[in-house]
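Trainee: In order, the protein sequence lines correspond to chains Z and B. Numbers 1 to 310, taken from the numbering used here, label the letters of the first sequence in order. Numbers 1 to 310, taken from the numbering used here, label the letters of the second sequence in order.
Worth double-checking, as some hints may not be accurate.
Because identical chains cannot be distinguished in the list, a pair is counted as satisfied if it fits within a single copy or across any two copies.
[Unchecked claim] Under the rule of at most 30 Å between Cα atoms (straight-line distance), these lysine-lysine pairs were calculated in the DSBU-like manner:
| no. | residue 1 | residue 2 |
| --- | --- | --- |
| 1 | LYS118 | LYS79 |
| 2 | LYS276 | LYS265 |
| 3 | LYS264 | LYS283 |
| 4 | LYS238 | LYS79 |
| 5 | LYS47 | LYS283 |
| 6 | LYS47 | LYS79 |
| 7 | LYS276 | LYS54 |
| 8 | LYS79 | LYS276 |
| 9 | LYS118 | LYS104 |
| 10 | LYS167 | LYS182 |
| 11 | LYS238 | LYS47 |
| 12 | LYS283 | LYS141 |
| 13 | LYS79 | LYS104 |
| 14 | LYS79 | LYS141 |
| 15 | LYS47 | LYS276 |
| 16 | LYS179 | LYS129 |
| 17 | LYS260 | LYS238 |
Calculated directly from the structure, the hints in this document are not laboratory data. Quick caveat, the model's predicted, so the values are computed rather than measured.
Here are the chains, one letter per residue:
2 protein chains.
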Amino acid sequence: MSFSVTILGSSSALPTSERFPTAHLLNANERFFLIDCGEGTQIQLRKYRIRLGKLNHIFISHLHGDHIFGLFGLISSLKLIGREATLHIFGPDQIEELMLDHLKYFQNELSFEIAFHKFQHRHPATIYKDNNIEVTTIPLKHRIPTCGFLFREQPTPRNIKKDMVEKYKIPIREIVKIKGGKDFETGDGQTIPNSELTLPPFLTRSYAYCSDTAYSEEIIELVRNVDILYHETTFLQKDSDLAAETLHSTTRQAAEIALKAGVKKLLVGHFSSRYKSYDTFEKEAQEVFPETSAVNDGDVFSVSRVREKM
Amino acid sequence: MSFSVTILGSSSALPTSERFPTAHLLNANERFFLIDCGEGTQIQLRKYRIRLGKLNHIFISHLHGDHIFGLFGLISSLKLIGREATLHIFGPDQIEELMLDHLKYFQNELSFEIAFHKFQHRHPATIYKDNNIEVTTIPLKHRIPTCGFLFREQPTPRNIKKDMVEKYKIPIREIVKIKGGKDFETGDGQTIPNSELTLPPFLTRSYAYCSDTAYSEEIIELVRNVDILYHETTFLQKDSDLAAETLHSTTRQAAEIALKAGVKKLLVGHFSSRYKSYDTFEKEAQEVFPETSAVNDGDVFSVSRVREKM
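Required output: the full structure, derived from the provided sequences and hints.
Mentor: Here you go:
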């Protein structure tokens, strides 16, 4: 039951030989969610041995090329490998028109449907939910409509202990109630407290993805206490004027969001290719928020599955 | 004065972790010609340390995604690095409409002009010429209009020997004539034969690029005696039915074209990702045409600069 993020691309708009443009892959209990899809994403997926056929849901933060140019080749390859299942693409308003305009030149006979799920970018909204995970948009401040995404596991019930079912001969009809927190009364009038019968539920794990954005305190409440926050950090602190001008963030700004939101771990990426070394990104952010990692292509960050305290 | 081809992508439509989709770069005396531009071409260019700014001419064989999806990101990056010079794109008829339809979403304010040079695909034609090189189309047989390209150096004059100019006190007005092959008469009526005064011209070097195509004997005359022929070889011989069905070529078919055209060297690539190993491609082609190499991403094939025989 893994919950992990694989960094497929950690560069900003200009890729380097070491860093592809932005794409992340969330593995939430073996369901795979692709988040942004820069040029070469399908090549990175193959490199890191993630089967293209496992992708069903793609989330696009905004329609800048370095977050979307990999979609064309990926869709083309999905057709070539004979995909039949519907592909769900979540993105800003214009995404459907853009993709259809493009597909008319290349894929007039796709072997599968694409379902476009368009979202508004001004207010947070739940855009996806299944029995395991829920996805909410995080409005960001960029040059065009842009949203990040919060992926959070659904709460699970308490787990009943099997040996207790046998010991007290608990009938099936009582089990659901006990999982919901109820105590159990035995045939001879004895009350067994719920805490003896069950294990607490697992903590819900969460991943928040924020790229691209200027410093925006509106993000803080939306990512409060998440396990992992990825926040773009295109520029070092000394280039804060460039960050302001292009509506991107600096190391310190990302770290301040992480600090104020009380997240457990901060990832920074989307580095401008102007810098020769990336160590300073981590160092500058850690001065404000020690639990920071500057990401590299191929990095995998996992969240352990642990139960709530008794 | 190099004449070399760098393989940027050697896969067919489905890239692998080792092989990007098709793109080649011809360095003809430090002028760089990009031939096809599959997804990730700009990343490969950076990997192999070729400066994006050096590109002025891009030749697109046909409008299948694995030959063109890298154009979007490349153009976007050229804007980001502040390109101002016109970019020349040569391609089949629909290329301008396709690119403009695309650019309207991403690059409504390019910092440079794109000049589209559209070619017809039925008959060979010279589509580019400068003082060093000439490019001619090679009509191919594929599912959509497709042309390969023949790059051939322009013939150069004979080189006059400096010490002969001094020895015989040759006036400047005679030099052009001597370079053209004329003998020289000295003041005292002695005739110095041209062969004593000059070195023969350099042989014109050539590179022919044929991807994608079914076996087509019409190619043979167009690539006769070239130094390097790249001919796609999507399938091994045992899959000749698949080659016929998809209008691609097998190992033996590529090798037969090379043999019949008397080329000096054959490169095969555009391998289907269905194969686990690529050694057999080289082996099968070499049975027909020994001077064959199966290409890998990053390979560089050079042609030496040598003079014609005296």
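Trainee: Each of the hints needs a verdict: does it hold here or not?
Mentor: Checked hints:
In the homo-oligomer, the alpha carbons of LYS118 and LYS79 lie at most 30 Å apart both inside one protomer (23 Å) and across protomers (29 Å), since each shortest distance falls under that limit. Proximity of LYS276 to LYS265 under the C-alpha cut-off of 30 Å is restricted to the intra-copy arrangement: shortest distance 25 Å within a copy versus 40 Å between copies. Proximity of LYS264 to LYS283 under the C-alpha cut-off of 30 Å is restricted to the intra-copy arrangement: shortest distance 17 Å within a copy versus 56 Å between copies. For the identical chains of this complex, LYS238 and LYS79 are inter-copy neighbours only, at 24 Å across copies versus 46 Å inside a copy, given an alpha-carbon limit of 30 Å.
For a Cα distance limit of 30 Å, the shortest separation of LYS47 from LYS283 qualifies both inside one copy, at 29 Å, and across copies, at 27 Å. Within a single copy, LYS47 and LYS79 get their C-alpha atoms as close as 20 Å, and across copies as close as 29 Å, so both meet the 30 Å cut-off. Taking the closest pair of Cα atoms, LYS276 and LYS54 come within 30 Å of each other only across two copies (21 Å); inside a single copy the shortest separation is 36 Å, beyond that limit. Taking the shortest alpha-carbon separations for LYS79 and LYS276, only the inter-copy value of 21 Å comes in at or below 30 Å, while the best intra-copy value is 39 Å.
When the C-alpha separation of LYS118 and LYS104 is checked against a cutoff of 30 Å, the pair qualifies both within a copy, at 20 Å, and between copies, at 20 Å. Taking the shortest alpha-carbon separations for LYS167 and LYS182, only the intra-copy value of 17 Å comes in at or below 30 Å, while the best inter-copy value is 113 Å. In the homo-oligomer, the alpha carbons of LYS238 and LYS47 lie at most 30 Å apart only across protomers (28 Å), although the nearest pairing inside one protomer, at 35 Å, exceeds that limit. Proximity of LYS283 and LYS141 under a CA criterion of 30 Å is satisfied intra-copy only: 25 Å inside one chain copy versus 57 Å between copies.
For a Cα distance limit of 30 Å, the shortest separation of LYS79 from LYS104 qualifies both inside one copy, at 14 Å, and across copies, at 26 Å. Taking the shortest Cα distances, LYS79 and LYS141 sit within 30 Å of each other only across copies (23 Å), while inside one copy they are farther apart (35 Å). For a Cα distance limit of 30 Å, the shortest separation of LYS47 from LYS276 qualifies both inside one copy, at 25 Å, and across copies, at 15 Å. Taking the shortest alpha-carbon separations for LYS179 and LYS129, only the intra-copy value of 22 Å comes in at or below 30 Å, while the best inter-copy value is 79 Å.
In this assembly of identical chains, the alpha carbons of LYS260 and LYS238 lie at most 30 Å apart only when taken from the same copy (22 Å versus 63 Å across copies).
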